[in-house]
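S.K.: Read off the chains here:
Protein chains: 2
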Amino acid sequence: MNRSRRTVLQAAAASGLGAGMVTTVGASTARAVAPEAGGPASHRGDADSVSVAVLLYEGFTALDAVGPYEVLCRVPRVTVTMVAEKAGRIRTDTGELTLVAERSLDSVDRADVLVVPGGSGTKATMENTVVLDWIRHIHRRSVWTTSVCTGSLILGAAGLLRGLPATTFWAGRSYLADLGAEYTPGRFVEAGKIITAAGVSAGIDMGLHLAARLSDEKVAQAMQLAVEYDPDPPFDTGSPEKAGPELQQLALQLLADAER
Amino acid sequence: MNRSRRTVLQAAAASGLGAGMVTTVGASTARAVAPEAGGPASHRGDADSVSVAVLLYEGFTALDAVGPYEVLCRVPRVTVTMVAEKAGRIRTDTGELTLVAERSLDSVDRADVLVVPGGSGTKATMENTVVLDWIRHIHRRSVWTTSVCTGSLILGAAGLLRGLPATTFWAGRSYLADLGAEYTPGRFVEAGKIITAAGVSAGIDMGLHLAARLSDEKVAQAMQLAVEYDPDPPFDTGSPEKAGPELQQLALQLLADAER
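So the protein sequences, as listed, match chains A and B. Counting in full-length UniProt numbering, the first sequence runs without a single skipped number right up to 260 at its last residue. Counting in full-length UniProt numbering, the second sequence runs without a single skipped number right up to 260 at its last residue.
Incorrect hints may have been included.
No distinction is drawn between identical chains; accordingly, a pair holds when it is met within one copy or between any pair of copies.
[To be verified] Result set (EDC-like, lysine to aspartate or glutamate): computed pairs, CA atoms no more than 20 Å apart in a straight line:
1. Lys86 / Asp133
2. Lys242 / Glu217
3. Lys86 / Asp236
4. Lys193 / Asp106
5. Lys242 / Asp232
Hint data in this document are derived by calculation from the structure and do not stem from the laboratory.
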């Protein structure tokens, strides 16, 4: 079997086209990912693993949660779990998509990494004391506490952003000050162990950064390739500054119209 | 109330922080999206709407499905529905995330747009005659038949890519020829009414292109802003050419290791 054919078979194995044919190709994937010294054990009880809890709630935005999940779930020793106030089916902000929360908040006492997505359910979640208490509890021992989009407003409502630089969905930037945070431009903003990402798709960029923090740059770079994240959008209107006021208004209208 | 305060409130309404406060800001969002002349009616029975069916199957990759969903679901008159052989919970390729298919294949007779994701379940799906028959049936009257990642190999197995240019996940490129298609570089490749996207995250780029095709460029540009898709990955290793052979091997290993 020549080299090129072997590579194809390995590719096939990776994409499920030929399970069992892949061979081990380096020690780097077996590298242990150690939480910070004295850091928390996984909520699965394996001190050597890294647990990522993604908070779901009615009206979250799907991509906010799935972006970080997709680039973190294959990092060695990382386990990603969707959690919600009650385990089970959770509807997204459009009402057209449902994800399943595997665990309820009261069954998750620890997580090394917390990811809080945004969405139209942000406001209700900012007033949900059960959820805010849980976030504060997890944050106390987390290695990283993170958010995507308006998820940072939830972290803010939990009192975690006071005096810190942070970002959020472009249309929600002005709310950060009310929560004691200082809006800071950036795809994601790291402040101590808190990382806040900008809107929706920014969770992919933050997730890759986090993958490097939880493992190493090589693994994060390989994960970028694994999801073929070589972005080439057909337009260049992804920030409010690039899009201008007319598209900003249209975007807000489309978001409001699609809310269930 | 000054202008800047009003803008903040509109933003708030859009993000669910102040429902009901947003005002209509232009006629463009009310623009009808007409299917092609003689094109299919929605499977929801509303001839004026555009139905998007996303095929789920055990072992699909979450972001392949959620990327296009997120940029299409707010396009005026578009409805996105997750469908699977049986309605209900469908596990992704890592086994760590479950999405819900709202409809079963046998209850969906038509869709204006079909989206087929990839994932480790691709091979089994390429051999599932029930699914392949359904894909061929939907394709007969679809306006657009699309795929993300190794989803194009499923379209190929259904016989839809013969003699056509197409793309797929980077590690699966060589399989396209066996299915009668011609691998063509690109974030997505349009051939008649078939659009195939490259790996995983390329579904977001394809989705924005499709949003423009289903509505107009302004709406697609506004959707790019709505998901704040102004990508700025911390690395530049998103294509096999940029990543090189060592990261290719590591990516394939991470994919294989994470398969449930």
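S.K.: Hint by hint, say whether it matches the structure.
M.R.: So, going through the hints one by one against the coordinates:
no. : hint            : in the structure
1   : Lys86 / Asp133  : within (15 Å within a copy, 38 Å between copies)
2   : Lys242 / Glu217 : between (30 Å within a copy, 15 Å between copies)
3   : Lys86 / Asp236  : neither (39 Å within a copy, 39 Å between copies)
4   : Lys193 / Asp106 : neither (23 Å within a copy, 49 Å between copies)
5   : Lys242 / Asp232 : both (16 Å within a copy, 14 Å between copies)
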